[in-house]
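**Q** These are the residues of each chain, in order.
Protein chains: 2
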Amino acid sequence: MKKYYFTKLSDKKKKELIKRKAISSDSVKKTVEKICSDVKRNGLKSAIKYANKFDGFSSDNVYVTEKEFSEAEKLLSSEIKSAVKSAYKNIYKFHAKQYPKDYFIETINGVKCGRKFLPIENVGVYIPAGTAPLPSTMLMLGVPSQIAGCKRIVVFSPAKDKINPAILYAAKLCGIKEFIKIGGAQGISLLAYGSDNFKKVDKIFGPGNQFVTTAKSVVSIDPDGCAIDMIAGPSELLVIADNFANPDFVAADLLSQAEHGKDSMVILLTASEDLIRKVGDSLNQQLKNLPRKVFAKATIESSFCMLVDDVNDAFNFSNTFAPEHLILNLKNAKKYLNKVVNAGSVFIGEYTPESAGDYASGTNHSLPTFGFARSSSGVGVEMFMKGVTFQSINKKGIKSLSKTIITLAETESLQAHAEAVKVRLK
Amino acid sequence: MKKYYFTKLSDKKKKELIKRKAISSDSVKKTVEKICSDVKRNGLKSAIKYANKFDGFSSDNVYVTEKEFSEAEKLLSSEIKSAVKSAYKNIYKFHAKQYPKDYFIETINGVKCGRKFLPIENVGVYIPAGTAPLPSTMLMLGVPSQIAGCKRIVVFSPAKDKINPAILYAAKLCGIKEFIKIGGAQGISLLAYGSDNFKKVDKIFGPGNQFVTTAKSVVSIDPDGCAIDMIAGPSELLVIADNFANPDFVAADLLSQAEHGKDSMVILLTASEDLIRKVGDSLNQQLKNLPRKVFAKATIESSFCMLVDDVNDAFNFSNTFAPEHLILNLKNAKKYLNKVVNAGSVFIGEYTPESAGDYASGTNHSLPTFGFARSSSGVGVEMFMKGVTFQSINKKGIKSLSKTIITLAETESLQAHAEAVKVRLK
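The listed protein sequences correspond, in order, to chains A and Z. Numbering follows the numbering used here, in which position 416 of the first sequence is assigned residue number 416; successive positions increment by one, without gaps. Numbering follows the numbering used here, in which position 232 of the second sequence is assigned residue number 232; successive positions increment by one, without gaps.
Since the hints were made in silico from the structure, they are not lab data. Treat the hints with caution; some may be incorrect.
Copies of one chain are not kept apart here, so a pair can be met inside one copy or by any two copies together.
[Unchecked claim] Computed cross-link-like contacts, DSS-like style, restricted to lysine-lysine with a CA-CA straight-line distance of at most 27 Å:
no. : residue 1 : residue 2
1   : Lys339    : Lys395
2   : Lys288    : Lys426
3   : Lys426    : Lys85
4   : Lys97     : Lys116
5   : Lys13     : Lys151
6   : Lys29     : Lys40
7   : Lys30     : Lys2
Generate coordinates for the entire structure from the input sequences, incorporating the hints supplied.
**A** Rendered as structure tokens:
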């Protein structure tokens, strides 16, 4: 890990440290745009062609069958099934509290206004399948869509032939019935644009590699496309720790994030030189035995720790960086909560590793990266819904509002807006 | 207005009727991309150059001064000031109910999780200045940002020299201190990317012409850019009416939407041939006296009414169309509310014109167009905030979760995720 001294950094250098690596290259963009426009025009046929080219997909049915769902359950150990069920339970409990409340109030006498949340009818949930299966992502997107009550939830994931049984088991728990074996940019395009025999969805959720992310951004700004949850870059972790922190815990947390891929980003902020040294030693020790040490080592090498004067400097930097994950490994960590301004998810105290949030504490692991934590939330139930406003005005109400509406409409030179009120007062 | 019979429509024709006109052309895209990359590279200087070129901006100060704010107040009639204040009050009352609730729960013994909503620190609010000033839009975006508690709210609008006084008065009511006189694609880029002397914002809100909308989509998918509220197309109104509806009310409502611009879209659905005829007559009558009849007439001519067999057909079409505004001019309109699946804002009963929601009922008039009502809400307080999740786990809690986390991490081949738990159990 590189080492910086916060007080010695120029503003320019600080800005540089906050900057993320580019999500996608021009060549990726070009490839993705070609795929998107191809699938937009030629539909399922074209999506299958790309799925065959990129993922070796060769089945005669893009849908996971009933039989595949029930076989998946048989293939899994009881240990895995019970872990998926436990995680499901905690995630469900946490997310159920997010169901948004409708309200109806009288703003003035005779004018009733309200907002009612309705599930998005058709949603797509993307589950990546890179180096390993991700049943946890299935839960993190399946549970809130289930709570929201979306009528049709289409899960899609790249596959040569079979979908990993743990993913199918998690999908079944979430009530998923429609699961298709096409992923990548072609999967995103198919869901966003639809095809003759495949109804398009209204919003797509889920993480993915740079092809998936780029395709999501392409369809999200095409009015013929659909909405997306967020633009997701590589995973990030920032740890703020003090002298009381166990260096082995800190090192283990940094590594848990670093193993995701070479482009992950981990940062340690502390006022303790001693801790930096000890964490460095522990990193070297723990790295040795990791199966994914190639990724973890590359990330650690490109990441940095920073010596700060005090905890305020640390929060100052962290809030500007706006990390996806923020661990507060500080004595009496809770008392610093009000200092958090920008972060995706916060892990408080020494017994709260980030991996708890990845799987089982109950919070969502689909979180804003790339500094989007400044403006965006992680996935929640309300993202699978939309708030529709209502107003119901009686004769007395429109009379009371009339002067305001007519004056403002005339100020804005919108006479017909005024007339729509006047005609009702006659 | 063209006239269709719902039961006679082919699926293909229905699809066609639901399709919106393209928001922007390739040539607009090209121009906008050039402006965005110019301003991204050269900052304020370049934004001013374009503001001069497109809007004739020539002042030596891009900021509205204290003096301009107080002068604005003096320029306005007491009638306008009181209308702005009344509208502000209703909008405030309605939106205050949207402040999202934080929560903290124990998912299992020793594992506390929560979500806390924090205001987005830096937001940009765009107020278009086309054919007329829009103080109402200032209120619709200013009020929720004020309730959310955003630290810095930058309002921006194109101007040759002065900003319209009604807009400045509305801005002042919303507590706005930073108001800059640059709009268009150059304004969007300046706010999204920032400049040497101008700190970028985290999210941009507000409607605009095709240059503004295209610029918003460009910066929203550039990780160096910022988030946006929504991609907004031309305004839309769908009216479902029955035999009991007053044809003059229906015609006035259609015209109030039609006068926005030639690309607006209005639709009437009814089971009554008689109503269609009477509304047609009334439209011709009312059109005569409208100052913006050029726009209104063009919109009416390109729009359509449709004869349906019953109210179910009407809702069927309306929900597929997903209109920005939906008027239910039906006897006992309230009893049909549960039939609404996709709409931005709904106007219930004969004394509820759409223009009430545009100005003063209390609901927001920044609403999803172009079918985005299938997946998105109109502007609300929570869009100026983000939900940060928290978890605090004690030693007992991490022990209880350990089996689930370790099993799932190992299923996903993420050994370091498992180790971060194991190291804490030693």
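**Q** Next, verify each hint and record whether it holds.
**A** How the hints compare with the structure:
no.: 1; hint: Lys339 x Lys395; verdict: between (50 Å within a copy, 25 Å between copies)
no.: 2; hint: Lys288 x Lys426; verdict: between (84 Å within a copy, 19 Å between copies)
no.: 3; hint: Lys426 x Lys85; verdict: between (64 Å within a copy, 26 Å between copies)
no.: 4; hint: Lys97 x Lys116; verdict: both (17 Å within a copy, 12 Å between copies)
no.: 5; hint: Lys13 x Lys151; verdict: between (49 Å within a copy, 25 Å between copies)
no.: 6; hint: Lys29 x Lys40; verdict: both (16 Å within a copy, 20 Å between copies)
no.: 7; hint: Lys30 x Lys2; verdict: neither (35 Å within a copy, 42 Å between copies)
Violated hints amount to a single one, hint 7; each of the other numbered hints is respected by the structure.
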